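*Asks:* Work the whole structure out from these sequences, hints included.
If you're matching them up, the sequences are chains A and B in order. In this text, residue positions in the first sequence follow the working numbering: the first is 1023, and each later residue adds one. In this text, residue positions in the second sequence follow the working numbering: the first is 3, and each later residue adds one.
What the hints contain is simulated information worked out from the structure, not anything from laboratory work. Mixed in with the good hints there might be a few duds.
In silico lysine to aspartate or glutamate, EDC-like type, Cα no more than 16 Å apart, as pairs [said to hold, decoys possible]: (1) K34(B) x D1490(A); (2) K186(B) x E249(B); (3) K1370(A) x E288(B); (4) K43(B) x E121(B); (5) K366(B) x D281(B); (6) K131(B) x D147(B); (7) K186(B) x D122(B); (8) K79(B) x E1531(A); (9) K325(B) x D374(B); (10) K325(B) x D380(B); (11) K43(B) x D224(B); (12) K258(B) x D145(B); (13) K79(B) x D1490(A); (14) K1370(A) x E90(B); (15) K376(B) x D281(B).
Note that this is a predicted model, so its numbers are computed, not measured.
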Amino acid sequence: MMSENTTHTADHHDHHHGHGPIAWMSRWLFTTNHKDIGTLYLWFSFAMFLFAGSLAMLIRAELFQPGQQLVDHNLFNELTTMHGLIMVFGAVMPAFVGLANWMLPMMLGAPDMALPRMNNWSFWLLPFAFTILISTTFMEGGGPNFGWTFYAPLSTTFAPKSTDFFIFAVHLMGISSVMGAINIIVTIFNLRTPSMRMIDMPIFVWSWLITAFLLIAVMPVLAGAVTMVLMDRHFGTSFFSAHGGGDPVLFQHIFWFFGHPEVYIMILPAFGIVSEIIPTFARKPLFGRVSMIYAISAIAFLSFIVWAHHMFAVGMPVAATQFFMYSTMIIAVPTGVKIFNWVSTLWKGSITFEPPMLFALAFVVLFTIGGFSGLMLAIVPVDFQYHDTYFVVAHFHYVLVSGAVFAIMAAAYYWLPKWTGYMYSHTLAKFHFWLSMIGMNLTFFPMHFLGLAGMPRRIPDYALQFADFNKIVSIGGFLFGASQLLFLYIVIQTARGRFGIKATPEVWEGAAPHGFEWTLDSPPPHHSFTTPPVFVRPAHH
Amino acid sequence: MQRTITRLLSKLKYACAGFLLLLSPTAFADYKLNLTQGVTKISHDVYDLHMVIFYICVVIGILVFGVMFYALLKHRKSRGHEAVFFHENTKIEILWTLIPLVILIGMAIPATIVLLEMEDTGNSEISIKVTGYQWKWQYHYLDDDVTFFSNLKTSTEEQQNLVPKGEHYLREVDNHVVVPVGKKIRFLFTANDVIHSWWVPDLAIKKDTIPGFINENWTVIDKPGIYRGQCAELCGLNHGFMPIVVEAVSQEDYQKWITDKKTQAAAEKELASKVWTKDELVTKGEEVYTRVCVACHQANGQGLPPMFPALKDGPIVMGDINKHVETVLWGVKGTAMQSFAAQMSETDIAAVVTYERNSWGNNKGDSIQPLDVKKLKDLGPK
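*Replies:* Here it is, written out as structure tokens:
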């Protein structure tokens, strides 16, 4: 009965396909299909990645040598603010939601996401939110210039007028994220094929389930923070102003209560992706599946009780400082478990190095390096030396670029043949990998040295002893940035089938046991599964 | 195509090796790669802690990556390695949960000891209050009641690449924070406008200065010298341009410096009661303007509207002189224009107001005496 129903809907849908630009526009504008919306999310995120990346190129051009070069101090602050905001909310988060849209129904044996109309709205809020955000740059007084963390009172009394538009844009992004998260949770709980138990779900699904709860928990906190900023700016409140009995540090507590889970929102789905890819190319099941799920849950829980490690320098009571130091250090335990499990999955495997595997392996190594610097940052007495320097910039780019972004690229190379039905040129993709790998390390590794040598972050000009490393960092940045155009080329040419290699349903040798998505055709049918597939527990379970 | 890329890839390998060589310590001998050891007991402790944690990370890294790369080399399909289907081992999972926990406890103990030591501001011999302003620091020696501002000394020409940059480019100020060696100095931190952060790496002190709040820290400096740092918390337009220069001297030199500062302050007071000519005021005003006002209102008086309005043909500068002085004294609520009553002497205000009214084509032709500024100041804000 159910299968008849869905087949009917599929046919019905196909009748709407017309031709011409209006039909094309309405297809994308009104689509409720999880694959279409996934594609929209991914292209949007890629566009934002290139845009915010260009802002980073401008920053690196300004910092290429000491002295003022291209941009004035205010524009420099706008560039760092926009780069951060757009990368976090416009590039990384939508990319993961796009991957969830594409993959969750296929992995769960479902026809689509549970709430397709809301899915459409979640996506279409984003272009408007980011148009508003980017338009602030052209407003009187310039755009937001207080860093993506918008600490009060810099973002209240001392901020440009356009800050109100920034606040509205953040609200829109938050609504989009929360709706996306609700959709994911409802899909996982309700559309999972009946024979698949929770524990049988692929790790990518698990990681997204936990991420979705984090999103629902903290996006409203961010909404609260921006609303309080709005109230302080216009309605005479003093939440963050000591003049009226308020507290500027309160802002930081609220912001980081959102901000730290947010950091994990950007890395947990990456853990999921890597846990899918490594077993496929090691031709082995994931080592310690259950402990991986516990580790993700533990990290998610800990993310709520470590927020003040971003603000050790504000002068908290020493007991609070100690609490946040210890709780932060404990995160190393579940994170270590994950890394040991990945390495054990590789151990005695039958390993091959296809492009997705290269990115996944680079993720494991470079994310671990980011983890080490994270552990160092947790040690309060030395954090006073690292805090707000390029050491921190190096740390979070290691976990976000070689962490989140590399995982997204790994996912794209892993599932692109499934999505498009075509394989890409492995040689070109490997070339892209090595360029990214070299560019990324050339950009961010010397930043450790700059930070240790005493260069603060967010400065438009610097003392002469920092000149040489800044030059290397800039060159690396340009290399990394330019390499991403190659990625764009590969994706477009693959989608157009220009590499001329048809993908099989299984795509990767031995991928079939690793998930339902590999049992579908490449490209998969419009409604992934019209009848619920039967989940067969692997013999070793 | 494929062959060219394969060839390119092999060339890249050499480029990589070359780059690593470039990073080797000998090639970069003059460049600072590591944290400073600093000049206080705390800074040495912090450095040691940093190195211990760093080496622990290196050892863990070598172990984990060693095992990983061994697998990547030996257990690959191209070498004919067949996958072994093990996927669980509770004992080893428990082991690699517990061992890191033990290592972490090993790190936490010395970290806690140093942290508690840093918090102990008792028994200090000198107290200095540090106030962050956009974009300068004010120092108030509480025991001797000596107060002064410390501004960036690097010229705009150097920043605009018009003249060669000096050795201490962006890390030099007009007034050093002079302190004696071997004495326990307590710093109190606060701010006037937004949050700043006072950071001197050689003292291992970084503390946020927060409007409405007071933070504390302390130091005992072992050896005389000049120690440079800068603001570490984004505080707006000129965040990168408010350096800190601490000068540690012997106890005698410190006493002499305090006495000089007091004499200077008395002389300053003297100046306030003298009658100035307009030309004297304009000359002094230009110097004051370059030090205090230029960051926002710019050297040409054009400002950076709308945050920082132009003074050239500005309504306040071209209006009533008393109103002009009051604006400088008490600031404009809800804008970036702060109150300068506590920051500038009456002489400085008289001079800078006179300068602004008679520069950049502004030709009011009037001037005001420090004594008249004092009268307005004594009336308090309206």
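*Asks:* For the pair supplied as a hint, K79(B) and D1490(A), is the alpha-carbon distance within the 16 Å limit?
*Replies:* Violated, at roughly 43 Å.
*Asks:* Taken at face value, is the distance from the CA of D374(B) to the CA of K325(B) at most 16 Å?
*Replies:* Distance ~12 Å between K325(B) and D374(B) Cα, so the pair holds.
*Asks:* Under the criterion that the straight-line Cα-Cα distance not exceed 16 Å, is the pair K79(B), E1531(A) satisfied?
*Replies:* The given pair, whose Cα atoms are some 12 Å apart, holds under the 16 Å limit.
*Asks:* Between the alpha carbons of K1370(A) and E288(B), is the straight-line distance 16 Å or under?
*Replies:* Status violated; Cα separation ~76 Å.
*Asks:* When you check the alpha-carbon spacing of K325(B) and D380(B), does it fall within 16 Å?
*Replies:* Holds: K325(B) and D380(B) sit about 15 Å apart, inside 16 Å.
*Asks:* If you draw a straight line from the CA of K376(B) to the CA of D281(B), is it 16 Å or shorter?
*Replies:* Violated, because 20 Å separates the two Cα atoms, which is more than 16 Å.
*Asks:* Mind checking the alpha carbons of K131(B) and D147(B) for me, to see if they're no more than 16 Å apart?
*Replies:* 10 Å, holds
*Asks:* Hey, K186(B) versus D122(B), does the alpha-carbon distance stay inside 16 Å?
*Replies:* 11 Å, holds
*Asks:* Decide if the proposed pair is consistent with the structure: K186(B) and E249(B), CA atoms, cutoff 16 Å inclusive.
*Replies:* This hinted pair holds, its Cα atoms lying about 15 Å apart.
*Asks:* Would you mind confirming whether the straight-line C-alpha gap from K366(B) to D281(B) stays at or under 16 Å?
*Replies:* 14 Å, holds
*Asks:* Is the straight-line distance between the alpha-carbon of K43(B) and that of D224(B) 16 Å or less?
*Replies:* Answer holds: K43(B) to D224(B) is near 8 Å, not above 16 Å.
*Asks:* Are K34(B) and D1490(A) close enough, with their CA atoms no more than 16 Å apart?
*Replies:* 11 Å, holds
Hint compliance for this structure: hints 3, 13, 15 are not met, and every other hint is.
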